[in-house]
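Asker: Mind docking chain B on chain D? Use the hints.
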Amino acid sequence: MKDKYRDVQTLIFHVLLFAMFAFFLLNLDSMVSGKSLSLQAQSSPKLFPFWILMLLVGFTGIQLFKSVRIVYRQYRENHRDDTNKKNVDECNSIVLDEEQRTPRILFSVIMIVVLTVFIMKYLGFIVAAMFMLTVTLFMLGKRDLKSLLIIPVGVFLAVFMFFAKLLAVPFPRGIGVFAEISRYLY
Amino acid sequence: MNILDLIIITFSPFNVLMLLAGFWIGMLFGMLPGLSGVTAVAVLMPLSYVLTPLQALIFMSAIYCTAVFSGSISGILFNSPGDTPAVFTTFDGYPLTLKGEPGRALIVDMVSSGIGGVVGVIIAMSFAAYFVNVALSFGPPEYFALGLFGLSLVSVIGTKYPMKGTISVLIGLLLACVGIDTVTGMHRFTFGNVQLMAGLDFIPVIIGLFAVAEVLNQFANFNFRKKLEKRLKDTALDVSFISKDDFKLCWPHWIRGSILGNFIGTLPGAGATIAAFLGYGVAQKFSKQPEEFGKGAIEGVAGPETANNASVGGAMVPLLTLGIPGSATTAVMLSVFLIHGLQPGPFLFMRSPELMYPIFISMILTNILIIVVPFFLVKHLVKILRVPYEYLGTTILFLSIIGAFAIHNRVYDVWIVFIFGIIGHIMTKYDYSPAGLILGLVLGPMVESGFRQSLVLFQGDLMGFIHRPITLTLIMLSLVFLLWPLLTLFRKKFFRRTE
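Residue numbers (my numbering), protein chains in the order written: chain D, 710 to 895; chain B, 105 to 603.
Derived from the structure by calculation, the hints contain no laboratory data.
If you're wondering where the values come from, they're calculated on a predicted model, not measured in any experiment.
Each residue gets a CB set at the ideal place from its N, CA and C atoms; glycine is no exception.
All the pointers check out, no bait thrown in.
Every beta carbon over 12 angstroms from chain D, so not counted as near; a handful from chain B, in silico:
#: 1; residue: Ala432
#: 2; residue: Ile468
#: 3; residue: Arg572
Here are the computed distance ranges between Cβ atoms for each label pair:
#: 4; chain 1: D; residue 1: Met763; chain 2: B; residue 2: Gly445; range: 49 to 57 angstroms
#: 5; chain 1: D; residue 1: Leu735; chain 2: B; residue 2: Pro394; range: 34 to 42 angstroms
#: 6; chain 1: B; residue 1: Asn327; chain 2: D; residue 2: Asn787; range: 22 to 30 angstroms
#: 7; chain 1: B; residue 1: Asn327; chain 2: D; residue 2: Leu735; range: 37 to 45 angstroms
#: 8; chain 1: B; residue 1: Ala302; chain 2: D; residue 2: Lys855; range: 39 to 47 angstroms
#: 9; chain 1: D; residue 1: Phe759; chain 2: B; residue 2: Val120; range: 50 to 58 angstroms
#: 10; chain 1: D; residue 1: Leu735; chain 2: B; residue 2: Lys331; range: 41 to 49 angstroms
#: 11; chain 1: D; residue 1: Ile859; chain 2: B; residue 2: Gly445; range: 47 to 55 angstroms
#: 12; chain 1: B; residue 1: Val238; chain 2: D; residue 2: Lys855; range: 57 to 65 angstroms
#: 13; chain 1: B; residue 1: Ile523; chain 2: D; residue 2: Trp760; range: 23 to 31 angstroms
#: 14; chain 1: D; residue 1: Lys830; chain 2: B; residue 2: Phe351; range: 47 to 55 angstroms
So that you can see chain D by itself, here it is in the shape it has in the complex:
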């Protein structure tokens, strides 16, 4: 069952990939702006992307076909032996429970990064950096004071001194009171 999920995911991925490149190929005229020269013109800006998209549509089409074939074969094999299906599901559910832990970590980290970049503009670099370091370590299972306070502060200070002070990188200051506080620091 684990393999079937992976193969279905691969199939969906290839469908999306194929659809995206086909869309780009069919709408190439609108994606190359201005009064485009024809493809036959010597220095047409559409020439190179056209041929690359043609090859991409062709190759991803082949990959899509292979994925469909694999999923179809898996489906036929899974339906052949129904008596063992329940036992297989029970075993695989244990495996799946173990695996489900790490996708949650991945998703959490992605959301933390998105939030960090978003809030950096409004709350400034310092607040965003401390948020990212502390919350990421918390999501990774760290609960002690050293992990949640001392290490994030240490890493932040080292990076801050190097980039903001030595290289004079103008980090975002945020708005309002955050901007005013940041002017005392960098």
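Answerer: Relative to the frame of chain D, chain B by itself:
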């Protein structure tokens, strides 16, 4: 002026001090994602006002040499290359770390870099005039053929599914089309976004595809990472100098990589990235075990590292002899001459050898330091791998975001890093090749602009490519490398049938 006088000039106390300062600054800047030798040279350019031209050039060239090498340290340890040329070293360097041999990879890395750098400078000094004449004969058709030659080595990209590797390269070529077309000025795939008009910058894409994607990969397979940490804690991470077996494997690549890298460095616009890639590709082609590449082959570390450091010597040749910079870093270094009222070129090169040759001698000394000094650091560097990944991964992620922002001081680059981090994670999950995407992104502009400019030059006549010997040679080599795997397969099947 004889060679002894030039050595005495180079070894004056302040010049040696500038060399050592440049060495350590280059090490630091090269290792950090988002920073590079170009950044270091640009940021420290104002220092040249208070230094003599020779002191400033020794300082800048030491930074350049060391930054090109040190970018591979973080690439080998964390799959986070500090700079673009180091990408190709990670193909085999990082798998060696996962096998518990980070010290071996780092030692071969530094020895190869040092040897490539020394040999590259010696070749540059000896054959500067000849290389420059050949480099001057490179026009759009030759650059197109060089790019095509690079693409013909696509089979070396680390993936067990060649079609997926090819799709990855094609995606990179498509991404290279984003922005304003250099020939006609048309907007391509910009979707009305002002930021996209400048195209996609390499550095944020590389930080995303390698550093961030690797962190996401590790967090997605966190159980596996914790088991690896336990294994690394139990394994003695021994570090000793290069073994006899590794020496025997690597020395042919040192010779090949030095000559190839030096020549590629001479070509304006080619640079260490192209040199590193071709060094990797040629190393695989000439290896007795090409199937090991991408899985931790030590030759896969020696090849690109020798070539990219050898290209540094090559890049200095057109700068000093013609006043034409061979790379981005040498373009910034050109300002040092201008600040002091000097015009680099053949006249200055012939009339002021006391200014030119000590630069080459100092580069030789820097590369000798690259072989010796990091050996004492490697023992401590590998201990970083024992740091729990919760801290390591979070720090790498944080540094990637900050490094991305520091490139152009805009949040847009951070979004690019993040988006390509997710793309890199997805590509790895479905067995596509982020390295192939980078290859397409790097070579795409060279291939497309070379081809289209050539068509304009030849007025649409494709036979024009055949009438240029360098172009014809490179195209023939490309066809051989592209068709060789098919020919080998055909030959095997034919002989099996006859048996």
